[in-house]
Amino acid sequence: MDKLIIGIDLCDAYTQAAVAGRDETWVIPTVICRKKTDGGWYVGEEAYKYTLMGEGVIVDKLLSLAVKDGTATISSVKYQGAELLRMYMERILAMIRAEYPGVPVAQLVISLENMEMKLMDCLMGCADALGISRDLVHIASHTECFVYYVLSQKRDVWGGQVGMFSLSDEALRYYELKVVQGPRQMTAWAEHEDLEEGFSLNVLDSPSGARMADQILCACGERLLQKKLYSSIFLTGKGFGRTDWAPEFMKQVCHRRRVFAEPSLFARGAALKAGDYLEERSSYPFVCLCEGKLRSTVAMEVMKRDSRIQIALASAGESWYEARSVLEVILDGQEEIELIITSPQNPKQKRLVRIPLEGFPKRPPKTTRVRIAVGFLDERTMVVKIVDRGFGELFPKTDAEIRQEVRV
Amino acid sequence: MSLILCRQEPVTSPYFVEELGVHLYSSQELNYVIYHHPLLVMEDFVNERLAAFLRTELRLPFLAERIQKWIQSRGPSDELLFLILQDCAFYTQAEQAAYRQKVAGLRKLSSHEYEKKRADYFYSLGLYGRSASMYKRILDNGEGRSLSHEFRGKVWNNLGACYGELFSFQKAMDAYVCAWNEKPEAAYLKGMYFLTKLDPELSMKDRCRELLASQDTEGWDREFNEALVRAGQTGPAVRLQEIFDRDPEKRLEGAAKVLNQWKLEYRKML
Numbered sequence: 001m002d003k004l005i006i007g008i009d010l011c012d013a014y015t016q017a018a019v020a021g022r023d024e025t026w027v028i029p030t031v032i033c034r035k036k037t038d039g040g041w042y043v044g045e046e047a048y049k050y051t052l053m054g055e056g057v058i059v060d061k062l063l064s065l066a067v068k069d070g071t072a073t074i075s076s077v078k079y080q081g082a083e084l085l086r087m088y089m090e091r092i093l094a095m096i097r098a099e100y101p102g103v104p105v106a107q108l109v110i111s112l113e114n115m116e117m118k119l120m121d122c123l124m125g126c127a128d129a130l131g132i133s134r135d136l137v138h139i140a141s142h143t144e145c146f147v148y149y150v151l152s153q154k155r156d157v158w159g160g161q162v163g164m165f166s167l168s169d170e171a172l173r174y175y176e177l178k179v180v181q182g183p184r185q186m187t188a189w190a191e192h193e194d195l196e197e198g199f200s201l202n203v204l205d206s207p208s209g210a211r212m213a214d215q216i217l218c219a220c221g222e223r224l225l226q227k228k229l230y231s232s233i234f235l236t237g238k239g240f241g242r243t244d245w246a247p248e249f250m251k252q253v254c255h256r257r258r259v260f261a262e263p264s265l266f267a268r269g270a271a272l273k274a275g276d277y278l279e280e281r282s283s284y285p286f287v288c289l290c291e292g293k294l295r296s297t298v299a300m301e302v303m304k305r306d307s308r309i310q311i312a313l314a315s316a317g318e319s320w321y322e323a324r325s326v327l328e329v330i331l332d333g334q335e336e337i338e339l340i341i342t343s344p345q346n347p348k349q350k351r352l353v354r355i356p357l358e359g360f361p362k363r364p365p366k367t368t369r370v371r372i373a374v375g376f377l378d379e380r381t382m383v384v385k386i387v388d389r390g391f392g393e394l395f396p397k398t399d400a401e402i403r404q405e406v407r408v
Numbered sequence: 001m002s003l004i005l006c007r008q009e010p011v012t013s014p015y016f017v018e019e020l021g022v023h024l025y026s027s028q029e030l031n032y033v034i035y036h037h038p039l040l041v042m043e044d045f046v047n048e049r050l051a052a053f054l055r056t057e058l059r060l061p062f063l064a065e066r067i068q069k070w071i072q073s074r075g076p077s078d079e080l081l082f083l084i085l086q087d088c089a090f091y092t093q094a095e096q097a098a099y100r101q102k103v104a105g106l107r108k109l110s111s112h113e114y115e116k117k118r119a120d121y122f123y124s125l126g127l128y129g130r131s132a133s134m135y136k137r138i139l140d141n142g143e144g145r146s147l148s149h150e151f152r153g154k155v156w157n158n159l160g161a162c163y164g165e166l167f168s169f170q171k172a173m174d175a176y177v178c179a180w181n182e183k184p185e186a187a188y189l190k191g192m193y194f195l196t197k198l199d200p201e202l203s204m205k206d207r208c209r210e211l212l213a214s215q216d217t218e219g220w221d222r223e224f225n226e227a228l229v230r231a232g233q234t235g236p237a238v239r240l241q242e243i244f245d246r247d248p249e250k251r252l253e254g255a256a257k258v259l260n261q262w263k264l265e266y267r268k269m270l
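Chains as they are written, first to last, in this note's numbering: chain A, 1 to 408; chain B, 1 to 270.
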């Protein structure tokens, strides 16, 4: 192996890691502990071990801590959540790298249950601190990793609808995927539903608890799967590490359907996505519309050599976190910037958003250059920044600037 | 109404247009200068230096090569201006056609009319020294030609205005007298009258002074005084007042800056 392609599923309770071309995955509790005697930091099972032996102080729920800007005090030293998360990530990566000495990280995709900007910024900061170029690090939602994993299977697995149950200590989630063949390209629509019926996996330790859990899943299955045709059903999460505790549910989902259980599906999906970044031509020629992805295309109409063309500022299927673009245009009598928003669901229906250039200096036509920069705060909120760039020394620029949030 | 997409042109060494006193940082600015300043660019604007700027800074090597080949084989031509506008396509086809007509119209003028237009244009840019020498050239070259008295009068008048701007009041007075001799016009008398106001040591010729009686000098006085008041309330006078309102140290520093600025401006006029 000459390059390391890593997928990490990072959750508050467990972290799973997969490396492309490797069958086994790592499953590590998302905890970090500082040993009292030598001041060393340990993660996962080791962290539990030192804590139980009374030799260390453990911190859990590292993601929540980082998102809340929380702190943890260990041996009278206060640590920021982001700092603990960085140390945790550093050790996880060191553990993976230890198995591939001297092999550089070519791509790393981190899969998250919830795409929160603060957490994503924090993880990118971790990459900086670990000396991994930001170009090599990407963040994807669980839903997107589910799409990648499923679409890496044979076509008959995803030819129709695909369903998936994810059971972890934290939540019970249902995912659904449908691939639609459009006139130009295929679109993979995926979404998820948080089910209120989630339970602690500790209940599976007793026969009565397991029976109850089985009944809960059966009720969910009945509600979600009935009257729908599925090509396949997937089961993932630590809860489905084994399925013998849920005989009734298994009987229900396996009825005239193919069922696959893959406890590390998100980590494997992340590794597949990471590997795809290295391909010259994507092995996944789909527009993927799911959590973490833009649902609409934002474009502008501009003149290029006497022809009117549409230029995309952000495209549907692009990661909203990574989607950003900058372009410069010259105003030819126009006093507003018009954005055209279209959805792949209904490409003929366009929504126009007009941003008047209030406060911009009045100049003759073709003598005002404006810089338009767009970025996203979340998958529905785009930030547009328009800056007056003047027209060289002929019409010097001013401080005029507009910042507007646009719902897409 | 539209938005024009800009090319990526990371210009590091801008192109300096001395007459306008501006550096050009993009092909759009170059097109603007060509389009809006035909009288500036119609003579020797497109040259090797511009071709080098197009090639290295604006990354337009094919256009640069075409220009160089044209200059080498056929010499400078208005076609080169049209070629730049066409290649950059910053202006629409209709705008380019209008520009061609404008240039053709200017080329149809007689040589002295064309020269006067250029001199008037440079006067509008504040390049009084340059336009004065052009006006003189028209008058010198036109000696043997049948330039009308009216035309010569206008040229002398404009020359007087140039000298006035350059603070050469005696020369300005002489030019206005020549203008009057070519064709008596009240405007020329007015010019002379204002010069005596600006420089009280100047005096109008007796013949001209006699003619003042028939003119509305009260109206001219009013106009002159209003201009004086206006000048005291705007632009440099206000800035100067602000400088002198500061403490002595900053005042001197500010005054030195203004003086340098005026020197630069005056040199540019010459």
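It is possible that part of the hints are untrue.
Some but not every residue of chain A turned toward chain B, in silico, with C-beta under 8 Å [as the list claims (entries may be wrong)]:
| # | residue |
| --- | --- |
| 1 | Glu116 |
| 2 | Met303 |
| 3 | Leu394 |
These are computed hints drawn from the structure, not numbers from a lab.
From a predicted model like this one, the values you see are computed outputs, not experimental measurements.
Backbone N, C-alpha and C define an ideal beta-carbon position, used for all residues, glycine too.
Hint check results:
1. Glu116: violated (35 Å)
2. Met303: holds (5 Å)
3. Leu394: holds (6 Å)
Of the numbered hints stated above, the single one contradicted by the structure is hint 1.
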